[in-house]
Every structure is written in C-alpha cells, then in structure tokens.
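Colleague: Dock chains V and Y against chain R, hints included.
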Amino acid sequence: MPEEMNLLMFSGDYDKAMAGLILANSAREIDVDVTMFFSFWGLWLLRDPDKISNEDKTVYEKMFSTFSPKGAEDLPLSKMNFNGVGKKLLVEMIDDNHAPHLIHFLKGARKKNVKFYGCKLSMEIMGFKEEELIPELEIVDAKTYLKSALQSNMQLFI
Amino acid sequence: MPEEMNLLMFSGDYDKAMAGLILANSAREIDVDVTMFFSFWGLWLLRDPDKISNEDKTVYEKMFSTFSPKGAEDLPLSKMNFNGVGKKLLVEMIDDNHAPHLIHFLKGARKKNVKFYGCKLSMEIMGFKEEELIPELEIVDAKTYLKSALQSNMQLFI
Amino acid sequence: MPEEMNLLMFSGDYDKAMAGLILANSAREIDVDVTMFFSFWGLWLLRDPDKISNEDKTVYEKMFSTFSPKGAEDLPLSKMNFNGVGKKLLVEMIDDNHAPHLIHFLKGARKKNVKFYGCKLSMEIMGFKEEELIPELEIVDAKTYLKSALQSNMQLFI
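Each protein sequence line maps, in turn, to chains R, V and Y.
Residue 106 in this note's numbering sits at position 42 of the first sequence, and the numbers go up by one each step.
Residue 176 in this note's numbering sits at position 112 of the second sequence, and the numbers go up by one each step.
Residue 187 in this note's numbering sits at position 123 of the third sequence, and the numbers go up by one each step.
Extracted from the complex, chain R is given alone in its bound form (with noise of 0.2 Å):
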C-alpha cells in the first residue's frame, strides 16, 4: 500500500499555503498519496479569480467575500506583511532565485492528483459556492476528513 500524506489546510497565508503545497508535490514526487481539506480562511487559496459572484449572497457574505483575497496570488503573509509591501518582497525574492510562485504550486499539485477536499460547514457560513472554486474541489465534512487522515502515515494543520 503507498503512503499517504494528510494536510489540512487552515490559515490563509501565502507562506503557509506555499509551505504546504511544496509538501504536497514534494510527497508526490516520491508516490506519496495526498490528502489537502481546506476549512476556513484554507479556501481562500481555492478561489477562481475569474468566477467570484455575488449571486444568491446575504449582505453579509457579500462583505466578507469582498474583504477576502481573490484566490491564492492575492493571499497576504502570515508576517511582515506590511500591508503588501513585505509580500512584494518576498515575492521579488523568489524571482531572484528563479523559484515558483503559489499558483504553480498550485497547479502543479492539481495536475499530480492530489485530493482537493473543501470543508462543508466553512463553506455555507462564508458563503462560498463550489463554482467559485477550483472544480477538483470535492465538499465534505469533518467525519470524512477525520477518516481519511486516521488512515494516513501523517498528518499536520497548516
């Protein structure tokens, strides 16, 4: 049986999501199996910026989505974001070194079949809508996210 590798992806930070998207590919890399259950601010990260609506949204979903990033290129830094301007650097820095930005990372893991689960619960209170977000996402809850990480070598929350 191959091993297999279970992140749930919580926070909504660009360092944090690169961190855990590197793992993912990494682990597929080496024929690791991968799980990624994003919850909370985790689904920012999963928004198409070409596809946010605001049909069908209370007020306050409307507002809540208009404050969130637009997918994972507009996530802010977890630190020393400096309201964008340390973000710009990081990112500067990366250029410099010829290394991927997030949305590579990003793709590349869709692209290697990771799992994309997205959390239920997070999704009706902050009024995400599943064409909203990347179409490999599949909408669980947490007794199906629990199940898949019991049965994995390894688990984190990010």
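Don't take every hint at face value.
As the list claims (entries may be wrong) - With a Cα cut of at most 25 Å, we get these calculated DSS-like pairs of lysine-lysine:
1) R:Lys121 to V:Lys143
2) Y:Lys179 to V:Lys211
3) V:Lys184 to Y:Lys176
4) R:Lys115 to V:Lys143
5) Y:Lys143 to R:Lys143
6) Y:Lys176 to R:Lys143
7) R:Lys143 to V:Lys151
8) R:Lys171 to Y:Lys184
9) V:Lys126 to Y:Lys152
10) Y:Lys184 to V:Lys126
11) R:Lys176 to Y:Lys184
12) R:Lys211 to V:Lys176
13) V:Lys184 to Y:Lys143
14) R:Lys143 to Y:Lys115
15) Y:Lys176 to V:Lys211
16) V:Lys151 to R:Lys134
17) Y:Lys143 to V:Lys193
18) Y:Lys151 to V:Lys143
19) R:Lys211 to V:Lys211
20) V:Lys184 to Y:Lys152
21) V:Lys143 to R:Lys193
22) R:Lys211 to V:Lys179
23) Y:Lys151 to V:Lys184
24) R:Lys175 to Y:Lys207
25) Y:Lys179 to V:Lys207
26) Y:Lys126 to R:Lys152
27) Y:Lys151 to V:Lys134
28) R:Lys134 to V:Lys152
29) R:Lys211 to V:Lys175
30) Y:Lys179 to R:Lys179
31) R:Lys151 to Y:Lys184
Because the hints were derived from the structure by calculation, they are not lab data.
Modeller: Chains V and Y alone, transformed into the frame defined by chain R:
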C-alpha cells in the same frame, strides 16, 4: 482497540479553537478517543468567566489576566478580527446558518468525554489557577502529553 | 526501535518556538528521537547573533536580514506582543517562575542530540548562509524532510 486523536491546542483564537472542537466532537461521534492538551494561549478557551479571580496573583499575573480573553466566546479571530468587528460579523454568519457557537462545541466535547489536559508550565507562568478553568481539566507536564500523543493515530498542533 | 517525533518549525514566534523546544527536550528525556525541520520564519530561531553578515547578499536579502529578528531571544510573541512590551512581560513572568528562556531550551536540544534540519529552498530565498546559523544545522530539501516525517510516530507543524 479504539482509534485515538490527540490535539495540542496552543492558539487562543476563536476560529482555530472552533476547528479543534469541531474535530473533537466529530471524532467522538465516530467512536474515536480524543485527548486535547491546552498550553499557552490555548488555556484562554477554558477560563470560566464566572470564576476569574485575582487572589494570590503577582502584579504581572493580574495584568496578564486583565488583558486575556475571558473564556471561549471572548476569544478573538486569528484573521480579519478588526478589533472585534470581524469577529461579530463571523458570529452573525454562524447564526444565519443555525450553526453552533464555540461555547456549544466546548460543551459538546465535555459531554462526550473528551480528555482535557492542561499544561503545568503554562499554568504556572501565566498564573492561572485550576479553579478558574473548567473542572474536567487535568494538569499534566509535557512528558504526559508526549506519551499520550505518541500512542495516538493522529496528532495536530492547532 | 526507538520512537521518533518530527517537528516542522515554520513560525518565527518566541512562544511557538518555546513550545516546540520544550517538546523536543522532554521527548529526548524519555528516549524519543527528535528531528526538527526549520523552514521559512522558523530559521530565525537558529541565527547566531554574532555571525550575522551581509556579505554576498542582494539588496533585498540585506533588507530582509535587517528586519529579521536576530536569533532566539529576539523573536516576537505570536500574540500580545504589543511592540515588544508583551514579550518583556512574559519573559519577566518566566523569570518569576525560575523557568528557562528560549535560548536555554535551544541549548538543551543541541546537547541532547536533537537532529536539526534546515529547508534548502527557504535558505536560498531568504538569503541566509549556513555559516550564519547554528553549526549543527544540516541543509536538506523537502523530500528529505518528508521521508523522515513519514517514518516518525508523530509529526507537528508549529
């Protein structure tokens, strides 16, 4: 033997505490044993607002107690807290979905026999007394946490 | 075979680093093998304040170095830092309890043969040189981390 999940609750954020307690409740519902070890800011979650006392505390401990959130519902968000406004917005969105508040998930976990461990060193440094926190809490050291975590099927640092 | 704990040290916070290092020291005291993998802000913890240098660095790397905390004792708190005042208060409370500082837990972990891994990609992007960090550090890639983590009995992302 039943499966077991171990959560190290470090953060004192409403949203992260919610994630931990939803997992704890869901795990119990599928017969998974759960141990939660509360350290540092995680202890805020277990303060009983009616039992907070400044007796036998140093000046620093009193200051620390005053600046600390007073129990589960008083915790801030890890993101978009906006001095409490973002937190209120999120709680309204939770209510709109008829979803439970953090305090209800905490009550659920207590009823479902989740094991509550509190970090001895954190209690001493922060000056929290056992009688100020929920009565189920058992104060243990890091080694007791480690032994419990090592024999679990999954461990998360939240 | 001895049991093994693997910690991914991502955050550069005094309190979270303290949690990780207390666990590492406690684990060694009960004969559990420990590997710590430092990535992103986690590398700040390992800077030697006496060996920080701007030689061979780009303008961005110099700026980044200047804004980064200079080793363990210089790290901020993840919460209630209040521009350093909250951090000072916490350290006073640690002293009142005759508990060790972060730097002492780091020394303990080094003496007790904790394995120190540093993330190659983070080092390159942030422009940190090996000679600026503690000498025990071995620079490895994400796959080396993953292989070590997958064979461990528990893994945490801190």
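Colleague: All hints, please: hold or fail.
Modeller: These are the hints, each one checked on the structure:
1. For the proposed pair Lys121 of chain R and Lys143 of chain V, the alpha carbon gap of about 22 Å is at most 25 Å, so the pair holds.
2. For the hint linking Lys179 of chain Y to Lys211 of chain V, the alpha-carbon distance of about 20 Å falls within 25 Å, and the restraint holds.
3. Between the alpha carbons of Lys184 of chain V and Lys176 of chain Y the distance comes to roughly 23 Å, so the proposed pair stays at or under 25 Å and holds.
4. The suggested pairing of Lys115 of chain R with Lys143 of chain V holds, with an alpha-carbon distance near 24 Å, which does not exceed 25 Å.
5. At roughly 12 Å between alpha-carbon atoms, Lys143 of chain Y and Lys143 of chain R fall within 25 Å of each other, so this suggested pair holds.
6. At roughly 31 Å between alpha-carbon atoms, Lys176 of chain Y and Lys143 of chain R are farther apart than 25 Å, so this suggested pair is violated.
7. Simply put, Lys143 of chain R and Lys151 of chain V have alpha-carbon atoms about 21 Å apart, close enough for the 25 Å limit, and the pair holds.
8. Among the hinted pairs, Lys171 of chain R with Lys184 of chain Y is consistent with the structure: their alpha-carbon atoms are about 22 Å apart, no more than 25 Å.
9. Pair hint Lys126 of chain V plus Lys152 of chain Y holds up; C-alpha atoms about 15 Å apart against a cutoff of 25 Å.
10. Among the hinted pairs, Lys184 of chain Y with Lys126 of chain V is inconsistent with the structure: their alpha-carbon atoms are about 44 Å apart, more than 25 Å.
11. Restraint check for Lys176 of chain R and Lys184 of chain Y: the C-alpha separation of about 23 Å stays at or below 25 Å, so the hint holds.
12. The straight-line distance between the Cα atoms of Lys211 of chain R and Lys176 of chain V is roughly 19 Å, inside the 25 Å bound, and the hint therefore holds.
13. Of the pairs offered as hints, the one joining Lys184 of chain V and Lys143 of chain Y holds, with about 20 Å between alpha carbons and a cut-off of 25 Å not exceeded.
14. As the CA atoms of Lys143 of chain R and Lys115 of chain Y are separated by approximately 24 Å, the hinted pair is consistent with the 25 Å bound.
15. For a cut-off of 25 Å, the pair hint linking Lys176 of chain Y to Lys211 of chain V stands: about 19 Å separates their Cα positions.
16. For the hint pairing Lys151 of chain V with Lys134 of chain R, the CA-to-CA distance comes to about 20 Å; that is within 25 Å, so the pair holds.
17. Taken as a hint, the Lys143 of chain Y and Lys193 of chain V pair is honoured in the structure, with Cα atoms around 21 Å apart against an allowance of 25 Å.
18. Taken as a hint, the Lys151 of chain Y and Lys143 of chain V pair is honoured in the structure, with Cα atoms around 21 Å apart against an allowance of 25 Å.
19. Between the alpha carbons of Lys211 of chain R and Lys211 of chain V the distance comes to roughly 23 Å, so the proposed pair stays at or under 25 Å and holds.
20. For a cut-off of 25 Å, the pair hint linking Lys184 of chain V to Lys152 of chain Y stands: about 21 Å separates their Cα positions.
21. Between the alpha carbons of Lys143 of chain V and Lys193 of chain R the distance comes to roughly 21 Å, so the proposed pair stays at or under 25 Å and holds.
22. For the given pair, Lys211 of chain R sits about 20 Å from Lys179 of chain V by alpha-carbon distance, which is consistent with the 25 Å threshold.
23. A C-alpha spacing of about 20 Å is found between Lys151 of chain Y and Lys184 of chain V, which places the hinted pair at or below 25 Å, so the restraint holds.
24. Proximity of Lys175 of chain R to Lys207 of chain Y is assessed by CA-CA distance (about 19 Å); at most 25 Å being required, the pair is judged to hold.
25. Pair hint Lys179 of chain Y plus Lys207 of chain V holds up; C-alpha atoms about 19 Å apart against a cutoff of 25 Å.
26. Of the pairs offered as hints, the one joining Lys126 of chain Y and Lys152 of chain R holds, with about 15 Å between alpha carbons and a cut-off of 25 Å not exceeded.
27. About 20 Å separates the Cα atoms of Lys151 of chain Y and Lys134 of chain V, which keeps this hinted pair within 25 Å; it holds.
28. The suggested pairing of Lys134 of chain R with Lys152 of chain V holds, with an alpha-carbon distance near 22 Å, which does not exceed 25 Å.
29. A hinted pair counts as satisfied when its Cα atoms are at most 25 Å apart, and Lys211 of chain R with Lys175 of chain V qualifies at roughly 22 Å.
30. As the CA atoms of Lys179 of chain Y and Lys179 of chain R are separated by approximately 31 Å, the hinted pair breaks the 25 Å bound.
31. About 20 Å separates the Cα atoms of Lys151 of chain R and Lys184 of chain Y, which keeps this hinted pair within 25 Å; it holds.
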